[in-house]
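Participant: Protein chains in written order, with the working numbering: chain X, 10 to 161; chain L, 33 to 272; chain F, -14 to 121.
Rather than coming from a laboratory, the hints here were simulated on the basis of the structure. Cβ coordinates follow ideal geometry from the N, Cα and C atoms, glycine included. Incorrect hints may have been included.
To be verified - Partner residues are not named here, just some residues of chain F that face chain L (Cβ under 8 Å, in silico):
hint, residue
1, 28
2, 29
3, 32
4, 60
5, 88
6, 91
As the list claims (entries may be wrong) - For lysine to aspartate or glutamate, the following EDC-like pairs were computed, each having C-alpha atoms within a straight-line distance of at most 16 Å:
hint, chain 1, residue 1, chain 2, residue 2
7, F, 102, L, 50
8, L, 114, F, 35
9, X, 159, F, 92
10, F, 39, L, 50
11, X, 45, X, 103
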Amino acid sequence: MSYLEYKFDKFVFKAKKGLLYHEDGCWVELDGEIAKVGITDFLQTLNGDVAFVSLYAPNVSVKQGECIGDIETMKVSFELTSPVTGKIIEKNNDLDESPELVNNEPYGAGWLLKIKTTNMEEDLKNLKSDEQYFEVMKKKVDEESEKIGKEQ
Amino acid sequence: MADLPKVKVGIVSCSGEEIPEGTISRIATMKVLNKLRPQQTSTICLPLFLAGGKEDREFARVYPTITVDGCGKFCAKKATEKYSGKVSASINVRDFVKEGETLVNRRDLGQKELEVADRVAQEIATQVDEIVRQRSESIAFSQEEDVSSDEVSNASGTGCSCGSGEIPYLEIYFDGKKVKLFYLKEIFDFVSQDGSKSDDDIAERILSLVRTYNVIDEGMENAYRDAIVKEYHAYLGGGK
Amino acid sequence: MKDKKVLIIPCSGIGKSLGSVGRDATYEVIENLKPGKADTVCLALLTLGDEEAKQKVTSNYCISLDGCPKKCARKNIEALGKEPEKSYRTIDFFKDNPGKKPQGIVDIGEGGRALSKSIAKVISEDVDDLLENGRR
């Protein structure tokens, strides 16, 4: 596994190579027409320790840019936006007991959903490559620098 | 134009569960972090640091640290020196307690304890200012500039995008051993922009910048100076 | 067993409200619910090898109370060769009490204090159990 890394203070923000990224903070790993979806390292670091993950169930149809669930952390609650269009085929049930997987392994065991895609050709226009996302991520880190690693 | 990362100061607070001074130390540290000097400081979580927190230990190795202790056992100072390096300033909360004053509350601080916390916070902020001033002197960077301006945000980028996740460093040979100096390449690039200057001027400038990001033991500066200037010329000549 | 106390050892993590909640819950137990039966010890002092702190831990029961999944309090105690009789994470109590959300690190707020009380109640029952029955 390799990553693009950006260091800020004592934090290292990672973007996993080979994934696609949506501007709202979810990544996509494509395997044929199946998309595995999760949140980025930046999003999990910014928002703090995950306490609850609520996701739409299998068989629900979703569209790119629409809500697929929400995450509550010790700092905030935020909605998750689907990076692709299709039907949910699997939910990561490990997150019920161990939501900290989202923090500890955002690109691995902390994945959220698997979606069978139906509109990838169009959806790709709104997804960034790993390197494109990395540039966006660096800017976001600098913009949000006062909030990173801090609770009041 | 070559950039150097902005100086940040790590604050390591004791947690002192058994005494009010431990709580005061925490409150004072958070006040500095969130209100008094949010841009210039970062906190280091002492229990995580002690449990082996890699990022916290490395941060404390590279950046200057201020430890805030609640008593004469100096746990925060000892831990930082054990796992990372010499601290830039050490504060003991007890030095800010008025003679004859007894502190009682360790959970919800009373008026007395809050006043002590304020005094400690002010002292931490003063120390932060002094450290940042000393270490930033050689970098043409004003701490009072609007940090939202493009020029400043470009010049003060604290991120390293070298791809490795490690803080960049170069190794030099010094006193028969290899020594790692953080940001040395960046310092060389920065100094080389100054145009021709005497070797003495160059040496002073480089050493001053090296001290910003690395701990140089007292009395070793002259020896470091010679080694670093040699490396600098080799670097400019394409030796690295 | 008669002379033994139960030491509640919070992580006191400064970066997160969960650390502050654990600390507050500790004080609730040792000052209000079980004074004289429960006590605490400075985690840093213990980890740095203070003999008095080590002696306190080895001759009493211990409950570690960590703020987050990193479990620094537990790890630091285990590094001394002692296994806490009980180990808790504040975040797990929050999962069972989602309405009791701490608002911050310096001031944990109403939600944080309510969460702290819930934690303290459970731990004080452990205190009684340990003093009555010892380690199981």
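Participant: Residue 29 of chain F was flagged as interface toward chain L. Is the shortest Cβ-Cβ separation under 8 Å?
Facilitator: Constraint on residue 29 of chain F satisfied, holds at 4 Å.
Participant: Taking 16 Å as the top limit, are the C-alpha atoms of residue 159 of chain X and residue 92 of chain F close enough?
Facilitator: holds, 14 Å
Participant: So if I understand the rule, the pair passes when the alpha-carbon distance is 16 Å or less; does residue 114 of chain L with residue 35 of chain F pass?
Facilitator: Distance of about 14 Å is within 16 Å: holds.
Participant: Regarding the hint that residue 32 of chain F lies at the interface with chain L, is the smallest CB-CB distance below 8 Å?
Facilitator: holds, 4 Å
Participant: Holds or violated: the hint that residue 88 of chain F contacts chain L, with Cβ atoms closer than 8 Å.
Facilitator: violated, 13 Å
Participant: Does residue 103 of chain X lie within 16 Å of residue 45 of chain X when you go C-alpha to C-alpha?
Facilitator: Status holds; Cα separation ~15 Å.
Participant: So if I understand the rule, the pair passes when the alpha-carbon distance is 16 Å or less; does residue 39 of chain F with residue 50 of chain L pass?
Facilitator: holds, 14 Å
Participant: For the pair supplied as a hint, residue 102 of chain F and residue 50 of chain L, confirm whether the alpha-carbon distance does not exceed 16 Å.
Facilitator: violated, 19 Å
Participant: Given residue 28 of chain F as an interface hint, is the shortest Cβ-Cβ distance to chain L below 8 Å?
Facilitator: Constraint on residue 28 of chain F satisfied, holds at 6 Å.
Participant: Take the shortest C-beta to C-beta distance between residue 91 of chain F and chain L; is it under 8 Å?
Facilitator: Interface hint status for residue 91 of chain F: holds (5 Å vs cutoff 8 Å).
Participant: Is the interface hint satisfied for residue 60 of chain F? The criterion is a beta-carbon contact with chain L at less than 8 Å.
Facilitator: It holds, given that the least Cβ distance between residue 60 of chain F and chain L is near 4 Å, below 8 Å.
The structure fails hints 5, 7 (numbered hints given earlier, in ascending order).
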